[in-house]
Amino acid sequence: MEFLGSNILSIDQFDRKDIDLIFKTADQLFPFASRQKITRVLQGAILSNMFFEPSTRTRISFGSAFNMLGGEVRETTEVEATSLAKGESLYDTSRVLSGYSDVIVMRHPLAGSVAEFAKASRVPVINGGDGDNEHPSQALLDLFTIKKELESHKKNIESSRIALIGDLKFGRAVHSLCKVLMLYENISIKLVSPNELKLPNFLVGELKKRNISILETQDIKEGIADVDILYMTRIQEERFNNSSEASKYKGLMSLNQEIYTKNCEPNTVIMHPLPRDSRKDANELDEDLNQNPNLAIYRQTDNGLLIRMALFSLILGVADKIEDTASSVDWFSNKS
Amino acid sequence: MEFLGSNILSIDQFDRKDIDLIFKTADQLFPFASRQKITRVLQGAILSNMFFEPSTRTRISFGSAFNMLGGEVRETTEVEATSLAKGESLYDTSRVLSGYSDVIVMRHPLAGSVAEFAKASRVPVINGGDGDNEHPSQALLDLFTIKKELESHKKNIESSRIALIGDLKFGRAVHSLCKVLMLYENISIKLVSPNELKLPNFLVGELKKRNISILETQDIKEGIADVDILYMTRIQEERFNNSSEASKYKGLMSLNQEIYTKNCEPNTVIMHPLPRDSRKDANELDEDLNQNPNLAIYRQTDNGLLIRMALFSLILGVADKIEDTASSVDWFSNKS
Amino acid sequence: MEFLGSNILSIDQFDRKDIDLIFKTADQLFPFASRQKITRVLQGAILSNMFFEPSTRTRISFGSAFNMLGGEVRETTEVEATSLAKGESLYDTSRVLSGYSDVIVMRHPLAGSVAEFAKASRVPVINGGDGDNEHPSQALLDLFTIKKELESHKKNIESSRIALIGDLKFGRAVHSLCKVLMLYENISIKLVSPNELKLPNFLVGELKKRNISILETQDIKEGIADVDILYMTRIQEERFNNSSEASKYKGLMSLNQEIYTKNCEPNTVIMHPLPRDSRKDANELDEDLNQNPNLAIYRQTDNGLLIRMALFSLILGVADKIEDTASSVDWFSNKS
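Chains as they are written, first to last, in the numbering used here: chain U, 317 to 652; chain Z, 317 to 652; chain W, 317 to 652.
For reference, chain U alone in the conformation it holds in the complex (with noise of 0.2 angstroms):
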């Protein structure tokens, strides 16, 4: 795909070689992002960070990646604070706010919202979730999370074993990160879930059609063994069909420091989208975990700013611009 001026909708419009460009300015933003250099590249130019719904991890990550490349935020949080209230269209909202800034992030909890939207504005598009359609930006998240913790073991994503562990079923994340993998050769996929909450049909179908191996099991031993990277999801009661099918899966997909020991190759890698439920009953990753050098779950976060820096960098062209703008941190930081 052409980036300059480019709306970014869905997973699906990203081949390989956009993914590799995406990656590699990602990577050339980390001394940014870690405040080892500032730059202004952006300096003037004004995002529109539009959440319809509330989500303040990546509200914040969307709006930090803006100002770290030198721009302004202009904001909303609800719904309810918005002419949408009063019945105005999307079309009409775009096509206002899209004269107010230079590009537009939009989250919505319809389905197909931001792709309406992005027809009427007069600026650049990110969806940042649309209900339980898309959010690209976490799929690509994942994915440069998955392939930089390989690289730090000396593995790349082609062989890789990835085991995605969870609700399979209603999982926004997992499927669009089963469709970014396609894109990668020799991949072998362990679907580890409970009977009802199993990988979409069609999806399997399309993994098993690129060639990736799959194996679908209900036992998580099974799963997590001989894998490098877990991807952990949550399992919200509520989607079984009866309280004795709940029961039954009652924490059996759950992961702790003791069941990871004694299942896992050493430095296998623990991902989740967040955020995790802590609560005593929910059914997720152990706290235990916290201190295990293999919890990736917040390289991730950190690996989501580097990858909205990258698609702020592209679609608004200022990627190659970014090293001559830079300049030295004079405040404190112990991050780098």
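Intra- or inter-copy, both count: the list cannot distinguish identical chains.
Simulated pairs of lysine to aspartate or glutamate, DMTMM-like, Cα-Cα distance not exceeding 20 angstroms:
(1) LYS485 - ASP535
(2) LYS402 - GLU369
(3) LYS402 - GLU554
(4) LYS402 - ASP593
(5) LYS463 - ASP343
(6) LYS353 - GLU639
(7) LYS340 - GLU474
(8) LYS564 - ASP597
(9) LYS637 - ASP334
(10) LYS435 - ASP602
(11) LYS402 - ASP602
(12) LYS402 - GLU603
(13) LYS596 - GLU404
(14) LYS596 - GLU432
(15) LYS514 - GLU553
(16) LYS637 - ASP343
(17) LYS402 - ASP597
(18) LYS537 - GLU574
(19) LYS651 - GLU318
(20) LYS402 - GLU553
(21) LYS402 - ASP448
(22) LYS435 - GLU603
(23) LYS435 - ASP604
(24) LYS524 - ASP331
No lab work stands behind these hints: they were computed from the structure.
Fit chains Z and W to the supplied structure of chain U, relying on the hints for placement.
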């Protein structure tokens, strides 16, 4: 009036010379709003964008206008989130917040509240809408749009023919527009509304006193013929005293392409203060007009940015420094 | 303490030398807050202004302080808008958000939450108020105001006479102020409160141990006589065990111009942590004191900006670079 350091509270404070200066300044700012140039003339200045009532469009417009001049924006978006809810007076809120910024924009549901707030402020205050009272930047952007649209057809506000359509009784925007139109010569105005929603007598009287030619009608087809500008506003059914009256007018004040083509002169400009209600049963401007090049509703909101940039420039005394501080836009834009 | 890179969590972490440094830095920042000069020393730096509880005044004050040093601000204003509501731990929220910024200010209704948050953060955290626990910048700005007001009358904190008035039992601001006053010599304090809302015994004991002269009284007229500073706080009726006790004190702890004139020495300074409840039936500082030049409540909030700028400057290590980066203000201001 003297702009430097002044509050902008009411449309009544402007004479013809003031409006000419605002419009001239807005014209000079066009290359900046359309991203041909950037300026950082207000670098270091802070706007407190205080919205005690939701209004995304107006809030983002003021905030972006300030960012485009190089300043920073701090915001509130909710009355609940403020000390006003704990019994703090507007005087205290104003006096305290004015210590944190260089200029304040305030929107509040209560008529008169912004003027009261301005009394205690140490920095200039712009009224961003106080209930059914005043919203001076809306009236200015409406008038500016009328001027620009007419000029694009080699006409002028002087000698123009304007139809005001819809709820003329309660519409704050219409009342303010009437007041600024009185500053021009040889204007004729058609007042097109249901009987129950006619323009208040005192305003009709004022218009006539200024030699503005007035025609009142309930028939939209008569109303939209032989004019240069259609200024549409929303009719809310609850405004009628009884539902039979409401149903009598249901749809009668709506405009669509067919009605436009049959009744209007070529190039009759269509305006609306927005938001427009695009739900099926709304009495509004039909979406089939979106492709009509004379639909000026988005140029209207774009002009709002220029007017707000002009107001900030004038009251902060930088209007004549902007050209000297201009630099090129080095990122992608297709607005210009 | 060493400021560089430190968290600011509690007033207890400061000794007299630390406070002297903060106040000296605040004094140096006065020309910037009063708009005689601007600095961009923190250009490129990002503050995450995390307010998990509404507090417009404090939020805008921190945000503007950071903007005045040249930095950018990202914000949250609602607990509902965050992953905390989905069961995310403070640890995760902190660790993730700290990847997006260079310093965090956090306000949260729960005592101890900010210190817990700081443990996981990769960047310095400033406590913006955690329930009834701590709000260190408030205590610092109160003490700074006492110092500046006394100095304007050629007095010093040493040997000063201070009346603390109102709810001394639950008032977080009063407790913190007591702690910092213990760092000074020869102070005498009058504790003026209803019997049910007396300063906790442990604090009275601490004050006496430091040789601070204490007088406890329920009579406001006795309390406000022969002192240099009146520090008023709000009494909430629901704090009393029964309504007859509450009604006994109704209005007895209120201050107005008449009571002030009859009982106070000339130039007795009036302070209040704000917001002040200006509703008719509130037991508060009367608005007829607004014209009294000794009413210091707005100078107090102005000083808050200086203190917060000073804290940012010290923990980010730019305090001694500000003068070198100063430039002139080229837009209108009448603050200086």
